[in-house]
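Protein chains: 2
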Amino acid sequence: MAVSSSKTEAVGHDAAAFLERARVFVDAELDRFLPAESDVPQTLHKAMRYSLFAGGKRLRPALALAASEAVGGTFADAAPVACTVEMIHTYSLIHDDLPAMDDDDLRRGRPTCHKVFGDAMAILAGDALLTLAFEALTTCAKKERVAEIVRDVARASGTHGMVGGQVLDIEGEGQPATLASVRAIHEWKTAALIAGSCTAGALAGGATQTEYENIANFGKKIGLAFQILDDILDETSSPEQLGKTPGKDAQAGKATYPRVMGLEKAKVEAQKLVDEALAELHTLGARAQTLERLARFVVERRN
Amino acid sequence: MAVSSSKTEAVGHDAAAFLERARVFVDAELDRFLPAESDVPQTLHKAMRYSLFAGGKRLRPALALAASEAVGGTFADAAPVACTVEMIHTYSLIHDDLPAMDDDDLRRGRPTCHKVFGDAMAILAGDALLTLAFEALTTCAKKERVAEIVRDVARASGTHGMVGGQVLDIEGEGQPATLASVRAIHEWKTAALIAGSCTAGALAGGATQTEYENIANFGKKIGLAFQILDDILDETSSPEQLGKTPGKDAQAGKATYPRVMGLEKAKVEAQKLVDEALAELHTLGARAQTLERLARFVVERRN
Numbered sequence: 001m002a003v004s005s006s007k008t009e010a011v012g013h014d015a016a017a018f019l020e021r022a023r024v025f026v027d028a029e030l031d032r033f034l035p036a037e038s039d040v041p042q043t044l045h046k047a048m049r050y051s052l053f054a055g056g057k058r059l060r061p062a063l064a065l066a067a068s069e070a071v072g073g074t075f076a077d078a079a080p081v082a083c084t085v086e087m088i089h090t091y092s093l094i095h096d097d098l099p100a101m102d103d104d105d106l107r108r109g110r111p112t113c114h115k116v117f118g119d120a121m122a123i124l125a126g127d128a129l130l131t132l133a134f135e136a137l138t139t140c141a142k143k144e145r146v147a148e149i150v151r152d153v154a155r156a157s158g159t160h161g162m163v164g165g166q167v168l169d170i171e172g173e174g175q176p177a178t179l180a181s182v183r184a185i186h187e188w189k190t191a192a193l194i195a196g197s198c199t200a201g202a203l204a205g206g207a208t209q210t211e212y213e214n215i216a217n218f219g220k221k222i223g224l225a226f227q228i229l230d231d232i233l234d235e236t237s238s239p240e241q242l243g244k245t246p247g248k249d250a251q252a253g254k255a256t257y258p259r260v261m262g263l264e265k266a267k268v269e270a271q272k273l274v275d276e277a278l279a280e281l282h283t284l285g286a287r288a289q290t291l292e293r294l295a296r297f298v299v300e301r302r303n
Numbered sequence: 001m002a003v004s005s006s007k008t009e010a011v012g013h014d015a016a017a018f019l020e021r022a023r024v025f026v027d028a029e030l031d032r033f034l035p036a037e038s039d040v041p042q043t044l045h046k047a048m049r050y051s052l053f054a055g056g057k058r059l060r061p062a063l064a065l066a067a068s069e070a071v072g073g074t075f076a077d078a079a080p081v082a083c084t085v086e087m088i089h090t091y092s093l094i095h096d097d098l099p100a101m102d103d104d105d106l107r108r109g110r111p112t113c114h115k116v117f118g119d120a121m122a123i124l125a126g127d128a129l130l131t132l133a134f135e136a137l138t139t140c141a142k143k144e145r146v147a148e149i150v151r152d153v154a155r156a157s158g159t160h161g162m163v164g165g166q167v168l169d170i171e172g173e174g175q176p177a178t179l180a181s182v183r184a185i186h187e188w189k190t191a192a193l194i195a196g197s198c199t200a201g202a203l204a205g206g207a208t209q210t211e212y213e214n215i216a217n218f219g220k221k222i223g224l225a226f227q228i229l230d231d232i233l234d235e236t237s238s239p240e241q242l243g244k245t246p247g248k249d250a251q252a253g254k255a256t257y258p259r260v261m262g263l264e265k266a267k268v269e270a271q272k273l274v275d276e277a278l279a280e281l282h283t284l285g286a287r288a289q290t291l292e293r294l295a296r297f298v299v300e301r302r303n
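Chains as they are written, first to last, in my numbering: chain A, 1 to 303; chain B, 1 to 303.
Read the hints as simulated data drawn from the structure, not as lab findings.
Check the hints yourself; a few may be wrong.
No copy is singled out in the list; a pair is fine if it fits within one copy or between any two copies.
To be verified - Within a straight-line C-alpha distance of at most 20 Å, the following computed SDA-like cross-link-like pairs (lysine to any residue) qualify:
hint: 1; residue 1: 272; residue 2: 160
hint: 2; residue 1: 265; residue 2: 118
hint: 3; residue 1: 142; residue 2: 171
hint: 4; residue 1: 143; residue 2: 208
hint: 5; residue 1: 143; residue 2: 206
hint: 6; residue 1: 115; residue 2: 174
hint: 7; residue 1: 142; residue 2: 31
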C-alpha cells in the first residue's frame, strides 16, 4: 500500500483536465489499496471493485488532492485521503441502493451491486469498503496528523454527517418539506463528506489552523451547492446523461431544493453558495486555483 | 468524549468479577461516546443504543482492558479501544441478523435490531456504529500510536478478517466442510476481532514490539477457542442459556468444529488452544494474570 511520489502540480488548466488527471491518479492508488479479485474471498473483492471502478467523477478525491495543493502539499500527501473518501462514497451508494433502502437497479449506468452480487454480498462489500477506507488513512505520510484526519472523515460520515443525513432523508419522504428541512438533509447527507474530503485533504497536506478553517467553510458551501445541482439535474436530465434513473426523488416524495423554491431560484442559490465558497479561498492565494475551478465546475456540470 | 482516569487495576479476583468490572466501566464509556437518544436523528441513535446496550458479555472490551494492563497500561489508556471493538462487534451482529443475511429474530434474548426498527434503519445503525468506532480511536491518549491502532482494528474487521470470514461462512453453507475450511472461517470471522481487541488494547497501553507479538499470538488462539466453544454451545444449549436460537448453525448446514471432529474432540481442541495461548503470556509476568483468567473463562463459559 505504498503511495507514489508526486510533485506539487501546476494549475494552469481547467477543471475537466484536473478532474481527469485526478481520476487517473486516484484509480491507480485505489487499485493498489484494494485486494485483487483473485484474492480470497474472491466474490467480496469482486463486488467491492465492481462498485468502486464503475466510472464515477471522482469529485471527492479531486477535492482532497486540490485541498492538499492549496496548502502547499502534494498529490502523494493526500493520496490515502483521496482513496478513503471515494471508498466511503461508494459504500454509501451500495447500501443506499439496497432493496431495503432506495431499491435502485441502476447506478453510474450499470446494474447496482446487489443486482449483480446479491443483497448479502452488497451489504458486506459496503461494510468492507468502509473498513478499508479507515485503514487507508493510516498510510498518510504525516503520521502525527492521522488522528485528526480519521476524526474528520468519521464525523463527516457518521450520525451527524452522511449516515444521519440518509436517515433524515428517509424519514422526510412524503412529509411536508421546508427550506430548513431540505437544507439540513443536504448538509448532512452530501455536503458533510464533500467538506470532509476538503478538510482531510488539507490536513494531509499540512494545513495550518487558519487554512483548515477557510477550507472547511469552502467545503460546506460547495457541498451544499453540489447537492442542489443534483436535485436540479434529477428533474431536468435524461437517464443517459445522468447514468441513473432520473425523477426518482420527486417520485419518492423526497425533499429537494427545486421542490421548495422552484428550479430557477434553486439555480441562483447554488451559484450564490459557490460565490461565497470562492471568497473563503482569497487568503490562500494562487495555490487555491484548482479548488476555485472545481467549485465552478460544481454548478456548471451536466451530470 | 473525555475518558475517565483509572489506575492500573489489581488482578486478585476471578474472571467473572473482572468481566463485571470491565462491563460497568465500558458501558459508562460507551454511554459517553454514543449520541443521546434525544439527539437528531433520534431513531438512528435509538437503534444504535438498542443493540449496543442489549446485555452482551463485553468479552472483547475486557480483553482490550486486560491487554493494556498486561503491558503496564491502565483502563483509561484502553477505554477508546474497548468501546471501539464492542461497537464493531455490535454492528456485525446487526448486519448478520438482517433478512438478507442470517435472518435472525432473536439476539441477546431480545428482538433483533431490524425487527424493532426496520431493515433500512438497521443497515444504517450498523454503518454508523462502524464509523463511530473509528472516531472513538482518535481519543486514545497516546496520539502517536493512533495510526497503528486504527490499522490493527481495521485489518481485524476487514476482508481478511471479520467481514471476509462472514463471506466464507455464507459461501460455505451446505458445502462439504473440512477442518481446514472451518478453521479458516473461524479465524477470520471471530478470532481476528478478538485478537485485534487484545493487540489494539496492548498498543493503547504502550506495548513493546515483543509484548505486542506475544499478545497477538495469545489473541489468535483464544479467539479460535472462543468460536469452537460457540459451536459446542450451539449444539448443547437451550435458547434460555444462549439468549439466541440454538441449533441454527447445524440447520443452515454451517461449518462447525463439532461437525468436522465431533463434540468431544472439539472440546479437547479448544482446551489445547487455551493452553498454548497461556504459554504466550509467560514473559509478561504477573501483570498478565487477568488475561490468563479471561483465557480460561473462554473454555469454561456456559453461554
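Do the hints match the structure? See the list:
| no. | hint | verdict |
| --- | --- | --- |
| 1 | 272 / 160 | neither (25 Å within a copy, 47 Å between copies) |
| 2 | 265 / 118 | neither (41 Å within a copy, 37 Å between copies) |
| 3 | 142 / 171 | neither (40 Å within a copy, 40 Å between copies) |
| 4 | 143 / 208 | both (16 Å within a copy, 19 Å between copies) |
| 5 | 143 / 206 | both (11 Å within a copy, 17 Å between copies) |
| 6 | 115 / 174 | neither (26 Å within a copy, 23 Å between copies) |
| 7 | 142 / 31 | neither (22 Å within a copy, 32 Å between copies) |
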